[in-house]
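Chemist: This is what each chain is made of:
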Amino acid sequence: MPESNKTKALPKTIIALGLEGSANKLGVGIVKHIYVDGIPDDAELVPEVVELANVRDTYNPPAGEGFLPRDVAAHHRSVIVPLLKKAFEEAKVTHKDLDCICYTKGPGMGAPLQSVALVARTLSQLWQIPLVGVNHCVGHIEMGRAITGAQNPVVLYVSGGNTQVIAYSQQTYRIFGETLDIAIGNCLDRFARVLKLPNDPSPGYNIEQYAKRGSKFIELPYTVKGMDVSFSGILSFIEKIAKTEPEKHTPEDLCYSLQENMFAMLVEITERAMAHIGSNEVLVVGGVGCNVRLQEMMGQMAEERGGKVFATDMRYCIDNGIMIAQAGALAFARGFTTPIDDSWITQRFRTDQVHVEWRT
Amino acid sequence: MTSEQVLLRQGAEARVYKTEISGRPVVAKQRFSKTYRHPDLDRKLTRGRMNQEARSLKRCLDNGILVPQVVRVDKDASTLFIEYIEGQTLKEWILGNDDEAKESDQISAMAEDKAVDLYVLERAFISTHPNSEKLFALVLEAYKAENTDVASAVLKRLEDVRQRGRKRDMTG
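Those sequence lines, one after another, are chains A and B.
For what it's worth, the UniProt record's numbering labels the leading residue of the first sequence as 1, then goes sequentially.
For what it's worth, the UniProt record's numbering labels the leading residue of the second sequence as 1, then goes sequentially.
Bound conformation, chain B alone (with noise of 0.2 Å):
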């Protein structure tokens, strides 16, 4: 089975460790449980996202996008083994490097989704680093070279995803 787990980071939802498998490096990504919840909401939620997050990888595998590859799924344990990738993170790779960005992946078919995770990733650079929104722009133009087909309709739902609900000023 498994060897001795490190933990490399902990963020909201789980856990990251280094450990091996039959010698092979792998991350090991945990969900934990959290207290605050309903336990049936809890197991809900924490299942249904480890096997998005595992059909989501093996699609962009399949697809031939660079992720890392899904080694093992322990549902009991709610665990996800991913192959490990030696080198930077992304967080450290935006701090080291302000000319240029790379672009995240997309599942989902819909519009939608595409333009709402967008939106996410926006906000999630705006508030990490502020002063970002060149770096994001151009994040935008590489989604826009890449995706000629579906980019300009999910830029456009992405116009509508910023402007959404309650998110219009006080002359609106």
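Chain A with its partners taken away, still in its complex shape (with noise of 0.2 Å):
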């Protein structure tokens, strides 16, 4: 047979920068794609993914406090320049190397979003490099994919802002399932904070601890509303029965409790998601992600289905910059950018809003 007279396309690479700062860690990102046969019209984009640096400073404020957004937004402030420059030595590369810059546009708080567009929008003009805004979410889908190599998994998304069962249909992300009021990590956040838990390094690593050594269930309210779960009154019903009862149940119980109960409500509405779209895998992303018992909740639901959990570990579950550079580097390649009239922030942008080109 002939060979085909088709010229083979030439290699392509996208080097990308991630800033993310929509909650109280403040990320730097660089990722390398490399598309062997140059990127393909109409297949989508699997290239791969070189991690060339991904660096992290947290805010974490005293025990019994949440953090605010003007601290968090002034912590961003302080050290986003020392941390761009540990990401270029980590990767090797300068500015010059940059195809895009890439940075969170929401959803988050709104005072630490502007501070690191503000940023991103300076380095653009300053190097006269593309901005990509990408969403936060989207950013933690698509390097929870890149790392596992999962498929098409069903995606529960769990953090300190958000709490989102996602599938993924028709260039979209679909939500099929979402808190109706706070989300898990925030509930989670909330309590440690009547126990006094530390901050350090984050309020859900400790309740997890405490759970660890717990044993007795106590009995709290179970809601979930069809694909929705809701989790405000849950946080009230323990705080409760944690100040006006201290006697009756050791933190310990309390933390157990309330992590087999919640969690047991997640994994029910992502099992109705996975036999509803007829999927076997499912992908944990998000900070409250890291915690090992909801993995393993969710994997023995995943294996009684003949199926599988797939998750990351603490550098890209929990909010980083180079889910940003992953994210905003595959919408690059299918030629998307921000102008700079547009590089605003917003603090509600839901999953299912984002065109998702670079999938088929």
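Check the hints yourself; a few may be wrong.
Unchecked claim - Which residues of chain B face chain A? A few of them, derived with a C-beta cut under 10 Å, are:
no.: 1; residue: GLU13
no.: 2; residue: VAL16
no.: 3; residue: TYR36
no.: 4; residue: VAL116
no.: 5; residue: ASP117
no.: 6; residue: ILE126
Said to hold, decoys possible - Once the Cα atoms are required to be at most 16 Å apart in a straight line, the calculated EDC-like pairs of lysine to aspartate or glutamate come out as:
no.: 7; chain 1: A; residue 1: LYS225; chain 2: B; residue 2: ASP113
no.: 8; chain 1: A; residue 1: LYS216; chain 2: A; residue 2: ASP253
no.: 9; chain 1: A; residue 1: LYS225; chain 2: B; residue 2: GLU122
no.: 10; chain 1: A; residue 1: LYS225; chain 2: B; residue 2: GLU92
no.: 11; chain 1: B; residue 1: LYS18; chain 2: B; residue 2: ASP40
no.: 12; chain 1: B; residue 1: LYS58; chain 2: B; residue 2: ASP40
no.: 13; chain 1: A; residue 1: LYS196; chain 2: A; residue 2: GLU65
no.: 14; chain 1: A; residue 1: LYS216; chain 2: B; residue 2: ASP40
no.: 15; chain 1: A; residue 1: LYS225; chain 2: B; residue 2: ASP40
no.: 16; chain 1: A; residue 1: LYS240; chain 2: A; residue 2: ASP253
no.: 17; chain 1: A; residue 1: LYS248; chain 2: A; residue 2: GLU208
no.: 18; chain 1: A; residue 1: LYS225; chain 2: A; residue 2: ASP253
no.: 19; chain 1: A; residue 1: LYS216; chain 2: B; residue 2: ASP42
no.: 20; chain 1: B; residue 1: LYS44; chain 2: A; residue 2: GLU219
no.: 21; chain 1: B; residue 1: LYS156; chain 2: B; residue 2: ASP113
no.: 22; chain 1: B; residue 1: LYS144; chain 2: B; residue 2: ASP117
no.: 23; chain 1: B; residue 1: LYS18; chain 2: B; residue 2: GLU86
no.: 24; chain 1: A; residue 1: LYS225; chain 2: B; residue 2: ASP117
no.: 25; chain 1: A; residue 1: LYS196; chain 2: A; residue 2: GLU208
no.: 26; chain 1: A; residue 1: LYS92; chain 2: A; residue 2: GLU65
no.: 27; chain 1: A; residue 1: LYS32; chain 2: A; residue 2: ASP71
no.: 28; chain 1: B; residue 1: LYS91; chain 2: B; residue 2: GLU122
Claimed, not checked - Where chain A lies over chain B, by a calculated footprint (3+ residues, C-beta under 8 Å):
no.: 29; segment: 40–47
no.: 30; segment: 74–80
Bear in mind the hints are in silico, worked out from the structure with no lab data behind them.
Bear in mind the structure is a predicted one, so any value in this text is a computation, not a measurement.
Cβ coordinates follow ideal geometry from the N, Cα and C atoms, glycine included.
Hints in hand, dock the two standalone chains.
Modeler: See below:
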């Protein structure tokens, strides 16, 4: 047979800087995407992903306190320049190697988002490099897919600010179920404050350690509403019993019961979404996704369905810069950029509002 | 007691078998235990949901709504035995009929609960059968026609449920 006279496309490389600061972590990441046969026109983009740098600095208020937007923004402003320098050093590249600068457009806290977007905008103009505004949730999903290799998983996105069950369909990350009020991580953080647990390394991590030593299951409200969940009532309930009958329950048993109850709710709605779309894979992303007990419960459920759970470690499930670079570089490869005039931020930015052009 | 069981389908919460009780064909819906959750929680949810389903079916029958009759409730085995009805499943029916829609039945008296149920049904329609918005619109029309008294309150609440909590967009 004669050889095809279609010439093979040249390899293409995209190097992206990612800036993340939607909550109390400031992350700077640099990623390199290699398309050995060039960027395909009509196929899903699956570049070779090379992590060049992924550095982070976390703002922790004292035990018993939460973080305030203005304090978080001040933290981000004070550490972003040294963090950028560190990232470039680690990556062994300079700004001249960058193809795009990706920043978190939302969702998140206004003041910290704004402080980081301002840096992104400044660098873009200074270095004459295009900007790419990225949805924070989509960043988590794309990084999770890239790290774990999960093909078409149901995604459970659980963090301090978000709780969503997501599945991909027709260039959209569709939300199947979500919290009706506060995020699960917010519920855990606030209960950690009631118990005066330290915020270092994170309140959720300390709750998890207490929970490991708990054994008595205290019945709490179980609030699954259709495909959605609600956590605020559970928080009020457990706060009340922790304060009014402290002699009856140990902090360890309270943490244990809180985790068991809320995680069971999450596993239930995730399983329902899996049954619904006929997928056996589940990918857990977001800060609460680091919780080993949650991964274990999700794994048991997936195993019973003949499937598998995919999770990442603290480098990727906790907010970070490289996930923004990852999602931004994919959008950029499809020609997406954010003009300076549109380089604003938004506290509300739903996962399903992003046109996922890099998938088919 | 019961004769041989043939598995019809497994869902997220239960396995559904076809079997017989005293020569009568029945469906056995067995809620299986979930190993991932605490045994106390598992027992509470499994029992509560089975009882609720049995009660709801009975209430439907008492009110003249055609549903399968409850034949037996086996608490120890978490199994509900209901009358076997020959025919298509709703899913098969939807896949085969794009022009008309039937409607589900409600139990709770609260507009809130009814609206949430409708919302769940709406999402189930759209996520399983993309572009089935028209079909769901027919469901709502049928709902309106059948339940004139409560329908307007429930449909108004459905608007709220759609917009609830975090479901608002970035312009809100």
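Chemist: If a hint holds in the structure, say so; if it does not, say that too.
Modeler: Going down the list of hints, with the structure as the test:
{"no.": "1", "hint": "GLU13", "in the structure": "8 Å, holds"}
{"no.": "2", "hint": "VAL16", "in the structure": "13 Å, violated"}
{"no.": "3", "hint": "TYR36", "in the structure": "4 Å, holds"}
{"no.": "4", "hint": "VAL116", "in the structure": "5 Å, holds"}
{"no.": "5", "hint": "ASP117", "in the structure": "7 Å, holds"}
{"no.": "6", "hint": "ILE126", "in the structure": "9 Å, holds"}
{"no.": "7", "hint": "A:LYS225 - B:ASP113", "in the structure": "9 Å, holds"}
{"no.": "8", "hint": "A:LYS216 - A:ASP253", "in the structure": "6 Å, holds"}
{"no.": "9", "hint": "A:LYS225 - B:GLU122", "in the structure": "14 Å, holds"}
{"no.": "10", "hint": "A:LYS225 - B:GLU92", "in the structure": "26 Å, violated"}
{"no.": "11", "hint": "B:LYS18 - B:ASP40", "in the structure": "29 Å, violated"}
{"no.": "12", "hint": "B:LYS58 - B:ASP40", "in the structure": "27 Å, violated"}
{"no.": "13", "hint": "A:LYS196 - A:GLU65", "in the structure": "8 Å, holds"}
{"no.": "14", "hint": "A:LYS216 - B:ASP40", "in the structure": "10 Å, holds"}
{"no.": "15", "hint": "A:LYS225 - B:ASP40", "in the structure": "20 Å, violated"}
{"no.": "16", "hint": "A:LYS240 - A:ASP253", "in the structure": "15 Å, holds"}
{"no.": "17", "hint": "A:LYS248 - A:GLU208", "in the structure": "21 Å, violated"}
{"no.": "18", "hint": "A:LYS225 - A:ASP253", "in the structure": "26 Å, violated"}
{"no.": "19", "hint": "A:LYS216 - B:ASP42", "in the structure": "15 Å, holds"}
{"no.": "20", "hint": "B:LYS44 - A:GLU219", "in the structure": "10 Å, holds"}
{"no.": "21", "hint": "B:LYS156 - B:ASP113", "in the structure": "13 Å, holds"}
{"no.": "22", "hint": "B:LYS144 - B:ASP117", "in the structure": "15 Å, holds"}
{"no.": "23", "hint": "B:LYS18 - B:GLU86", "in the structure": "11 Å, holds"}
{"no.": "24", "hint": "A:LYS225 - B:ASP117", "in the structure": "9 Å, holds"}
{"no.": "25", "hint": "A:LYS196 - A:GLU208", "in the structure": "14 Å, holds"}
{"no.": "26", "hint": "A:LYS92 - A:GLU65", "in the structure": "39 Å, violated"}
{"no.": "27", "hint": "A:LYS32 - A:ASP71", "in the structure": "33 Å, violated"}
{"no.": "28", "hint": "B:LYS91 - B:GLU122", "in the structure": "14 Å, holds"}
{"no.": "29", "hint": "40–47", "in the structure": "holds (count 4)"}
{"no.": "30", "hint": "74–80", "in the structure": "violated (count 0)"}
Hint violations for this structure: numbers 2, 10, 11, 12, 15, 17, 18, 26, 27, 30, all remaining hints satisfied.
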